[in-house]
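A.B. asks: Here's the letter readout for the chains.
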Amino acid sequence: MTAAHPGPGRDTVEAIWRIESARLVAALARFTGDVGLAEDLAQDALVAALEQWPVSGVPPKPGGWLMTTAKNRAIDLFRRDGTHRRAVAALGRTTSEVTEPEIDPVGDDELRLLFAACHPELKREYRVALTLRCLAGLSTREIAGAFLVPDPVVGQRISRAKKTLRDKGIQLELPGEDELRTRLASVLEVIYLIFNEGYRATSGADWMRPELANDALRLARRTAALMPDVAEAQGLQALLELTQARAPARHDRQGAPVLLPDQDRSRWDRLLIRRGLDALNRAYRLGAAGPYVLQAAIAGCHATAATAVETDWARIAGLYDVLERVQPNPVVTLNRAMAHGHADGPLAGLAVLATLSDGALEDYAHRHAVEGELLAMAGRHEEARAAYTRAATHTGNEAERHLFTQRAARTPP
Amino acid sequence: MRYLVVLEASQPDTPPPDELMAGIMRLGAEATQSGAMIDNAGLAPSADGAKVTLDGGEVTITDGPFAESKEMISYAIYDTRTKEEAVEWARRFLALHAEHWPGWTGEARVLRVFGPEDMPGA
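Protein chains in written order, with my numbering: chain L, 111 to 523; chain V, 75 to 196.
Okay, chain V solo, but in the shape it has when bound (with noise of 0.2 angstroms):
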């Protein structure tokens, strides 16, 4: 099964440790080589970006950055075959974060993304 990873974060202000990286770069690989992790990629802030929103029947586009607490940081994409071992390595990111980043704080939401399976009479 396909799980999107978006991970949101209020950043501190010093820039991240080398271990993290060094961790993070780790991790991924390993991920990636175990063929569970099959897409992934740092997201800019959203200064960089835009948002376009639908209210009262009327479309408006605002630039950003957005007032949000968090901002999105990256993305990934496993393949599992259960939720339980997409969570595991979302788990295992964030704690590499409480490990070398004091003061970091954020969230990794795990989204099952629809599939094959889920299609009628599969």
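One chain only, chain L, in its complex shape (with noise of 0.2 angstroms):
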């Protein structure tokens, strides 16, 4: 440390913070059999980070100075609470022998802590907010001004999950055989809906939120590294990747939102778009397409167009083709139509959205907008006038409803 840094600020021991915590209570977890008290023993560590590291300076083995901190802490709340001495047992004799975390080099006690904070037995907000939490090192008040709720309900999730997964006795544990395909499920769902709520922000004035998106795609990545031979895992990873390079192109120079045939592709991230193609062809190797899979195919084929009209939206179209065989559902129909108006023309493509059942996605803005833009290929000017108009009342974003307006009003008479 030099002068201008006499000892650590917050934001130092928050980076650190962040890089060892899900190592960190996994680990504890592993311990103590109990991921909500692990996830306390190591907020408590934080604690004493903040206090000490300011003046003594941050350790040279900060992860093992966390780890052994919190464990001197789980024996002291174990000595005073008789019940546990097999526990007292087994810390001491650990604690002893360890001054730093047993590193886990292949990363298993952090895919059991996934597993556990993504547990089907816990409300799905839950999830999402222990994930952020214990995976992606996030404190409570960033977990809450990403989804723009006041810190206390987050806390109030943090801790109710906790006490699920107590109450329900749910340890880290790797599912069995029959378990791991809802269990996975679950895991590569919460980062999504993660990555979805940064990407497209469901409300307020934020057309997006890249923090939360980045948090997510690293979660993604985390989860592939985890789990090398699950397609599904690689397949979301790439998705997000290849979404995400699309970000920078999401955006005019005045902030108003652009629609992806309108993008300037020359902002796209080749870095992202280059990892995600990489993701999409290890997914490959393993076989079995799923949902993430085949999604991420889609996004590649957008990804690798070098301008809207070189779309290979044929490619696309018998993609989603097999996606609403995988997973058949009203957006994945609405996405379906699109793709078919391009391959196929605007009545193919009406066609297809025509197999909506009646009143499905009535709410959802795109259903309006999609439909908006096959009725104008097909140069049905006033009825796409009206359903851009409907698009523009159904959405709760200020940017997408000043979008939608405006394709109402350029659409010819």
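To be clear, the hints were calculated from the coordinates, so they are not data collected in a lab. Please note that a few of the clues may not be correct.
Computed cross-link-like contacts, DSSO-like style, restricted to lysine-lysine with a CA-CA straight-line distance of at most 30 angstroms [said to hold, decoys possible]:
(1) 144(V) - 157(V)
(2) 278(L) - 233(L)
(3) 144(V) - 125(V)
(4) 171(L) - 144(V)
(5) 171(L) - 157(V)
(6) 273(L) - 233(L)
Reconstruct the complex from the two isolated chains, following the hints.
C.D. replies: This is the structure in structure tokens:
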């Protein structure tokens, strides 16, 4: 440390925390058998670091310092609470021997932690909060800021999540073969939800919250690294890399949103596209294309088209056909309609749109926007204008509303 | 946020110790798996490169090696939430050298790469 840095500031301590917290919580959960307690102990260690490091400087092995501190607290706690004698014995033995965290080279502890934090027994918003806290190392304040909810709400979600884990006896364990599919789906869904919240902010004036999307992207990378043999984990990483690659082009210079066909592709992030295509290839090599791999493949088609006109819509339409069979849902049908509209003409697209059941996505702005675009392509301008206007009234996002209103205004009479 | 870390150093005449290389591999794997390091590569000695200079309205091209006391050794690109995180990865990288390769002096420059968050209206 130089004179400019007599002791670390809060930001430095928090940075180290973010690097170490997942391993710390995971290792503590293995020792205590209780994810919630592990998280509490880790937080205590963070508080201690925030108190001591600014004075004493950052210790040479900060991860080891945090681990030792947390373990000592655990021992104190268990000594006061005589019901945990076995844990005391276990902790006492390991603490005397271990001065730094036992590096878990394959990341099994972290994988178990991820499965616990995304346990289907937890409510979805609890899973999201706990994952951001335990795996991404975000503070309550940061999570609250990302989701535009008050701090106490997030604090409550985390403490209730921990209580649920405790009450249901959910420990750090890898799910068995029979359960693995459900649990994997939950893990990937949580990361996908976090990404979407950041990428397409559902409320407020922001079109996106880039920090949150990046948090999710890092989680997806970590998950793909923890599950190198799972095609869908690679697929999710590919999807998020490829989607995030477009982020720089989603605004114009004035900050107004720009939809995919109109984006300046020179502003797409080449590094993220390369990383996305690499992850997609890993997924292909693993076989069995699930929903994330298929969506990534579609994103890959967009990413590799030099101009919007050169987009391989026939391939995209084919991928959406498969995706609809694998994961039937109205939003997939909507995108499929758009793809077939481009591949086979607007009437084909409108025909797919007509397969949506009555009233499906009636409140979803993009349903009306897609209809507007297909109608405009078909030359049915008056109906197109009405559809864009409906899109504008149904979005909660101000930037989107402006965009759809503009579309309506620009549609010729 | 994205950071470019460029490593400049004057290398001792001895080859890098095995423990250092093992430590670098471990740290690199850790940073990559955590999702923080998204690209990195070593750089060949400047003898393999060239310098293109504009001075007094004239562009000149000079082949390497260059006379600088330190050579650029490698670069890495990090995607982190804060500058401090990128700095911490760089600090750990240099701390490995301090531990395993006496006589090595160098510096890692941590430079923020502009992203969409820096665009007007973002």
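A.B. asks: Determine for every hint whether it applies to the structure shown.
C.D. replies: Going down the list of hints, with the structure as the test:
no.	hint	in the structure
1	144(V) - 157(V)	25 angstroms, holds
2	278(L) - 233(L)	13 angstroms, holds
3	144(V) - 125(V)	15 angstroms, holds
4	171(L) - 144(V)	29 angstroms, holds
5	171(L) - 157(V)	20 angstroms, holds
6	273(L) - 233(L)	12 angstroms, holds
Violated hints for the displayed structure: none, as all numbered hints are satisfied.
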